[in-house]
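*Asks:* Make a model of the complete structure from these sequences and hints.
From first to last, the protein sequence lines are chains A and B.
One rule links them: number in the numbering used here = place in the first sequence (from 1) + 62.
One rule links them: number in the numbering used here = place in the second sequence (from 1) + 62.
Since the hints were made in silico from the structure, they are not lab data.
Check each hint, because a few of them may be wrong.
For identical chains, the list gives no copy identity; a pair is met inside one copy or between any two copies.
When the alpha-carbon atoms are kept at most 30 angstroms apart in a straight line, the in silico DSSO-like pairs for lysine-lysine are as follows [claimed, not checked]:
id : residue 1 : residue 2
1  : Lys-146   : Lys-217
2  : Lys-146   : Lys-122
3  : Lys-217   : Lys-122
4  : Lys-122   : Lys-108
5  : Lys-222   : Lys-146
6  : Lys-222   : Lys-108
7  : Lys-108   : Lys-217
There are 2 protein chains.
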Amino acid sequence: MPNPIEFLFDFSSPYSFLASEQIEPLAARHGRTVVFQPILLGAVFKASGSAPLTEQYGPKAGYSVHDFERSARFAGVRYRHPSKFPIGAVTASRAVLWLRQHRPDQASPFVRAVFRAFFQDDRDISDASVVAEIAQSLGIDGPALIEGTQEAAIKDALRKAVEDAIASGVFGAPTIIVDGEMFWGNDRLPQIERWLASGPF
Amino acid sequence: MPNPIEFLFDFSSPYSFLASEQIEPLAARHGRTVVFQPILLGAVFKASGSAPLTEQYGPKAGYSVHDFERSARFAGVRYRHPSKFPIGAVTASRAVLWLRQHRPDQASPFVRAVFRAFFQDDRDISDASVVAEIAQSLGIDGPALIEGTQEAAIKDALRKAVEDAIASGVFGAPTIIVDGEMFWGNDRLPQIERWLASGPF
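*Replies:* Okay, here's the thing in structure tokens:
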């Protein structure tokens, strides 16, 4: 079995959302699966001394929102820039890790549903009750999931994932790792496709 | 006549180099020409509070050099990361403006030749004698060109171009403007191609 593609993302990252909508079909075209690994850009940016695009230099922040929207149209993905942005997605991120242990078949659908709730339907995914509702709509026990996000082992797992990402040189999201090769950004999907199709270049 | 595509670049920007190798054929496919407009990222970064990629957070700096090289291979462009990097390219940038006035047919070939000297042949294009040599190899009078870069009007023109770029919201390079629509980065060439082929999206 070839290695799964590791997809490191933050639920508050627009380019992570755009890539998340494309990475699974892309992977499938080349016989690969995707592991969605949440990280927390807040901690990453603290290590790197960076900040969310929308909190950077004014003209760059303004261009970024325009580019999120234009890049979504280019990719054929519906996008509505969230009215509350950026947000912290600790609960939803822990929920992904809990699902990977307890309902592994639901982890990817949950990631997609949370992303869409935030970047298409302007729902406040930093709110645990919203996360529970999204889970429930997928046939997951919402209250059990939220309870799971409070388990020490799950909290530790997310903390460790973020630390490991920083230690291995991750500085932004999405970071997509294919057989050890790291690609940063939604813009790198065409390079990833070539890498999967014909090997390292 | 449709508007020319404005290509704002810094000679010390790897992604500007990669885009410069692709933008003219891309433009020609859609009946457009390209105006190469040098800017100085040093001044832009001073306004924006940013820095060259290779001087940012260590892991990001390291990834960037890897990405310059991989993106060049992806685009089929020969690339050798310069041993002296980044450099200030004031003389070469002024030379482009002088050529646009005095030898307009030579401005584009000169831009391409300077970029290749730096990013393929590891020449120090911050050195005026290197700039003169490159010009000479294109049949341009090298000493006259270097003299031209000292004209007050040429100095003013570059200064004004940089100020205008900053005032209009430019924060990096390449910045490519198509009929007033701004695209930042070599990564946006596919979006530009669609824009030219089928209009705004």
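*Asks:* Each of the hints needs a verdict: does it hold here or not?
*Replies:* We went through each hint and held it up to the structure:
1. Lys-146 x Lys-217: Answer is within: at 25 angstroms inside a copy they meet the 30 angstroms cutoff, but 45 angstroms across does not.
2. Lys-146 x Lys-122: both (19 angstroms within a copy, 28 angstroms between copies)
3. Lys-217 x Lys-122: Close across copies (27 angstroms), not inside one copy (34 angstroms); limit 30 angstroms.
4. Lys-122 x Lys-108: Both, since 20 angstroms and 14 angstroms are each at most 30 angstroms.
5. Lys-222 x Lys-146: Classified as within: same-chain Cα gap 27 angstroms, cross-chain 38 angstroms, threshold 30 angstroms.
6. Lys-222 x Lys-108: Intra 16 angstroms, inter 37 angstroms, cutoff 30 angstroms: intra-copy only.
7. Lys-108 x Lys-217: within (19 angstroms within a copy, 41 angstroms between copies)
Every hint, counting from the list given before, is met by this structure.
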